[in-house]
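I would like the entire structure built from these sequences, with the hints used as guidance.
Line order of the protein sequences matches chains A and B.
Using this note's numbering, the first residue of the first sequence is number 1, and each one after it goes up by one.
Using this note's numbering, the first residue of the second sequence is number 1, and each one after it goes up by one.
Below are the DMTMM-like pairs computed for lysine to aspartate or glutamate, each with C-alpha atoms no more than 20 Å apart in a straight line:
(1) K326/B to E345/B
(2) K326/B to E289/B
(3) K256/A to E176/A
(4) K392/A to D403/A
(5) K301/A to E163/B
(6) K301/A to E77/B
(7) K334/A to E386/A
(8) K301/A to E80/B
(9) K392/A to D337/A
Heads up, incomplete: computed chain B residues facing chain A, CB under 8 Å, no partners named:
(10) H96
(11) L105
(12) G113
Per label pair, the in silico range of CB-to-CB distance:
(13) V267/A to R116/B: 15 to 25 Å
(14) L152/A to R116/B: 37 to 47 Å
(15) E330/B to L55/A: 55 to 65 Å
(16) T129/B to Q213/A: 23 to 33 Å
(17) G89/B to I271/A: 35 to 45 Å
(18) E386/A to E330/B: 52 to 62 Å
(19) Q213/A to G89/B: 41 to 51 Å
(20) R179/B to V354/A: 33 to 43 Å
(21) R179/B to I271/A: 44 to 54 Å
(22) Y405/A to P337/B: 28 to 38 Å
(23) G134/B to L246/A: 38 to 48 Å
(24) G134/B to F402/A: 35 to 45 Å
(25) Q213/A to T9/B: 50 to 60 Å
Simulated from the structure, these hints should not be mistaken for laboratory data.
Computed from a predicted model, the values in this text were never measured in an experiment.
Cβ atoms here follow ideal geometry from the backbone N, Cα and C, with glycine treated the same way.
Residues per chain are reported as follows:
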Amino acid sequence: MSNLETKPSDDTAAGGRVNPVENKFTTALSHVLSDLGKNGIFIALVLVVVVFQVLTNGVLLRPQNVSNLIVQNGYILILAIGMVMVIVAGHIDLSVGSVAAFVGAVSGVFAVNMGLPWWLSIILSLLIGAVVGAWQGFWIAYVGIPAFIVTLAGMLIFRGLALVVLGNANIGSFPEEYRAIGNGFLTNVFGDLNVDPLTMGVAAIAIVALIVQSIRTRRGRQSYGQAVEPIGWFIGKLVLVSVVILLFAYALATFKGIPVTLIILAVLILIYGMVMGRSVFGRHIYAIGGNLHAAELSGIKTRNVTFWLFVNMGVLAALAGLVFTARLNLAGPKAGDGFELEAISAAFIGGAAVTGGVGTISGAIIGGLIIGVLNNGMSIMGIGIEWQQAVKGLVLLLAVAFDVYNKRRSGGR
Amino acid sequence: MPVHGLPLTLSSVSARSAAGTGIRSVSVEVSAGAVHGILGENLSGASEVLAVIGGYLPVDGGTLTVGGVEQHFAAHEAAEALGVRVVRGEPAIVPHLSVAENIYLGREGAVRGFIRFGRLNANAAELLTRFGLGAVTNPAAPASTLSRAERWIVELLRCLVAERTVVLLDEPFTGLDARGLDLVAAGIGRLAAEGVTVVVASHRIDTLRRVASEVTVMSRGLAVETVSTGSAPAARRLSATSRLIELMTANIVVTPRPTHESIAPGDVVLELVDFTAHHPVDTARAVVENVSLTARRGEIVGLAGLEGSGVSDLALSLFGRSFSSKVTGELRVNGHPLVASTPQESVAGGIGLSTAANLKYDLNLLGGIPSRISSSMLARFARLGLVDRDRDYKTAAPAFGLGGISALVGGGRRGSAGGGIDGSDFGGPGAGGTWTTDARRHLDALTAWLDLPLERRPVVVVLDHPTARLDTASLQVVRDLIVELAAGGTAVLFASDDLDELLVMTNRVYTFVAGRVTADLDTRAASPETLLAHMIGPA
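Here it is in structure tokens:
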């Protein structure tokens, strides 16, 4: 009875199984192919960048524009992090744009009208975001109203409240420290040099950390007897990623240094990458989205997870609102218009599944970057906003269609 | 991890479900860490025994003890608090989480909120090895890559990890091939060896005999006998297949045959040759395989099968291929081949269907119109593109031969617990008693067909478990209508799992096991035992 070999029966999806009879070459090839499949979204980003680099005659990757790409899209990327988590759980959040506008307005009241210290204004604003998230989470998790409805209502409610808070006027001229979260740069710490050494130093540390982490993961997999990719491909990939990081850092270093928005983003990506990949909370989000019934039967407090998920989304929406307000130095009634759609697009382009259970933080970030490069590149080319919209819509459709096609081909469900 | 399974006893327990099924005065004793089998066909009450222990069905009389303490479970949560867990039908897995995460779902043993994947995978690998999957299953692979049997092992391991004290498995062997059966059977044995008390309800005599040390045979809600399945000659004799079948049918009394006996069946009107159909979603799985059968004018032909036999799938795949995939083989009505790719084509070809199955790919019924109209039929009723909401289309529907369409509309699912909604708002022919919505659908379909003049009635009607969960009075109404329909010359394919009913109602019975026909029996010569023996199939 031991070592009973079960035939992968009819309902077994293809792949995912260790197959010892292949030769070295085919294993290597299958690794490369499966990597390309898994990183299809990353390749799409590279393609989009290359295309627009050519179309804009090299303007896209000029140091200033690279820096702009991050700063202009920071708030979308922050929203995309929260949004992909919501989508993985099988929900949706349509209210994030309105919540961002509302919190931006409230922070204006705190920081400008009331003259509170900038740090206190930010903390209070994030708390307001948490309260908004708790409000929506309550209706979704405990009352059981679909997230689509609750957040559609929230979209109207918080847009309305933003207007109430603003009272038909813009609130402007924020304190400098506050403005820094949208506009600031960490620069010239070591004096005014052509290439900022701090930026390059951070890049070097990032590369070393990446290499160490990759090797540790590889060793870990080997020690459990799991298949690892061929060493050549492994090193090649690391070299490639390192070069991209270096070039990116060089672009930032020759401009103004590291944008504060990028620091915020990097911290968020690291934290949420860990949360979704390794924490119980994150894995339970996948469990709920993948099979709610199984999650409940296994004693997971699904309602609490959903509730905190939306609290988290509220805080991230508030943060996005702060970054956007700081960047414009203005809290206006039109802030955050359409943010929810860009964030949702980012998550889906990044490989999240409409049915829930699938999606990654890194995918959503890359999806957000694709949208950002499209926006930025088309703007540089002088393409009107009307065509930009149409192209972005088409890209979203094609990205999801490609994903669906891929899944059907691989015989998955 | 040492698990302390709890012993359990039922003494003279009676219980009744909302659906009308139940058990009477059942006594079962299971010692801690043993595997106990409950053997019975669909109507035997085997599932109800599990439901009582799991707290899903309240005890009406007698006493239930778990761990030596008398229990009155108000809800299944109360039973779960004691570590009792019922697994019914499908093993529940999260497809995109890893095998290890699925096993430890909800009990990841996190340190400061973070999962130690190295340790988790190592522990899972060790558990998988103990349950016979060490060599083939990578704990880090996504659970969606597992076969059905492997998913069962994950489910069993999850029970072990969660330190369940009593695990109740309802029909865990459905849809498994021989190897999968071995794997799951061994897994169940292993779970008990780890200390967990396991009760398995099934109709599979051989598998159950192999898994369980003792088997209680159920028949019509009564525990007939408990036999031990040891290897001693005495035990072997006591648990011989033929004897167990005899016990399973012990309380089935065949009532006298109704009047349709006198009608002589006419020419063959329906012919199936090598008919094969696959599952609508899981297209690699054949649900009906190489089925050949015939039905004559005015003949009532039984389709007999237990859970997983493919009888309902056959009924649905005959009625338009939209309910199944990759249909091959020939379907002939009145000698002419019929290609039925949609329900409308089947109806036009003279086939009618009545089912309570919840059809995912159904007819898209439109609300608000006081009749049984699906969107695809709408064009025929519309005048200038408009449908008159006030007109009674009830009579219009059968005139187009779509009498059975009401039955095709989604809603309750056969076997779903407690579907006892009074369907009196449907109007229609008044029959006394309360009708479940499922039963009401069948009633509507039958009366609609009978309302038609003889020459416009369907050539063949397929009835998918029309009498499931009916009380005696309603049962008689439905049976009378079926006989009347056959008397009018319609051939009736009658799917059922009720042995007595099959023998009483039908002229001939085809028995099914795992999508294949195992026998074609003349019911005048058949007994409940022979029928059941063929429904359980060759070992």
